[in-house]
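2 protein chains.
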Amino acid sequence: MIDLKFSKNTDGLLPAIVQEYETGEILMLAYINKVSWEMTLKTGKAHYWSRSRGKLWLKGESSGHVQIIRDILVDCDEDTVVFKVEQLGGAACHTGYRTCFYRHVKGGDLQVSGEKIFDPKLVYGKK
Amino acid sequence: MIDLKFSKNTDGLLPAIVQEYETGEILMLAYINKVSWEMTLKTGKAHYWSRSRGKLWLKGESSGHVQIIRDILVDCDEDTVVFKVEQLGGAACHTGYRTCFYRHVKGGDLQVSGEKIFDPKLVYGKK
Numbered sequence: 001m002i003d004l005k006f007s008k009n010t011d012g013l014l015p016a017i018v019q020e021y022e023t024g025e026i027l028m029l030a031y032i033n034k035v036s037w038e039m040t041l042k043t044g045k046a047h048y049w050s051r052s053r054g055k056l057w058l059k060g061e062s063s064g065h066v067q068i069i070r071d072i073l074v075d076c077d078e079d080t081v082v083f084k085v086e087q088l089g090g091a092a093c094h095t096g097y098r099t100c101f102y103r104h105v106k107g108g109d110l111q112v113s114g115e116k117i118f119d120p121k122l123v124y125g126k127k
Numbered sequence: 001m002i003d004l005k006f007s008k009n010t011d012g013l014l015p016a017i018v019q020e021y022e023t024g025e026i027l028m029l030a031y032i033n034k035v036s037w038e039m040t041l042k043t044g045k046a047h048y049w050s051r052s053r054g055k056l057w058l059k060g061e062s063s064g065h066v067q068i069i070r071d072i073l074v075d076c077d078e079d080t081v082v083f084k085v086e087q088l089g090g091a092a093c094h095t096g097y098r099t100c101f102y103r104h105v106k107g108g109d110l111q112v113s114g115e116k117i118f119d120p121k122l123v124y125g126k127k
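Line by line, the protein sequences give chains A and B.
Numbering follows the working numbering, in which position 123 of the first sequence is assigned residue number 123; successive positions increment by one, without gaps.
Numbering follows the working numbering, in which position 48 of the second sequence is assigned residue number 48; successive positions increment by one, without gaps.
Pulled out of the complex, with its shape left as it was, chain A reads as follows (with noise of 0.2 Å):
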């Protein structure tokens, strides 16, 4: 198993890049701890470490919108990664847009640039 700097991080955490494999479009970036950087390369899957409900996360365990991992890269610090993805279903983000970033600096304020695949209401059934 590739060892990774996870003791660099007092949270035993590292940031892990998410770029769709073929545009090379940059989907979101999460958070992988030990255990989620080998489940990610015994499956083939992507998995985190959601820091806001504290646990392992598989990727679309909720929406279906599983990433599948087709090329990992490793940074000269090896405290960063870069998870090249298909991502299922088009969209990364739970807002329901292609990408977490869907919006870009312009004129001093954010301005939408992305595009929504899909409604979150419907994919993950609430409000």
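Worth flagging that the hints you see were computed from the coordinates, not collected in a lab.
Hints may contain errors.
Copies of the same chain are indistinguishable here, so a pair counts whether it falls within one copy or spans any two.
In silico lysine to any residue, SDA-like type, Cα no more than 25 Å apart, as pairs [said to hold, decoys possible]: (1) LYS8 with SER50; (2) LYS55 with VAL123; (3) LYS121 with VAL74; (4) LYS55 with GLY96; (5) LYS45 with GLY64; (6) LYS121 with ASP77; (7) LYS55 with GLU86; (8) LYS116 with ASP79; (9) LYS34 with THR10; (10) LYS34 with HIS104; (11) LYS116 with ASP3; (12) LYS121 with GLY108; (13) LYS121 with SER50.
Here the structure of chain A is known, so what remains is to put chain B in place on it, guided by the hints.
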């Protein structure tokens, strides 16, 4: 000035993903605090907070390899940004590779897949 959720993390730092604006290649991940965010917006050059040196860091201040901001994306939670940049000098990593993510996982090990652009000894003047 656009507000980000710097208070979300106890150290007041948020991750900034750095992406080459033309190719979509992910070059590095660094951290920003409020001051480096404001300096980036004001100057159009990527500024970070160096966790190892504990100081504001204009990327390229030693190497000359400044990152010119071409676009900035902000995520749904306002706790992560993408800097789309033009990387002067052609390489972002202090090791001399174009990207810090110059290795990928292959067969349970790390394999170099990136391209070395410069010799760190010549650029930084140290062994």
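Violations among the numbered hints, reported as their numbers in ascending order: Number 12 - this is the single hint that the structure violates.
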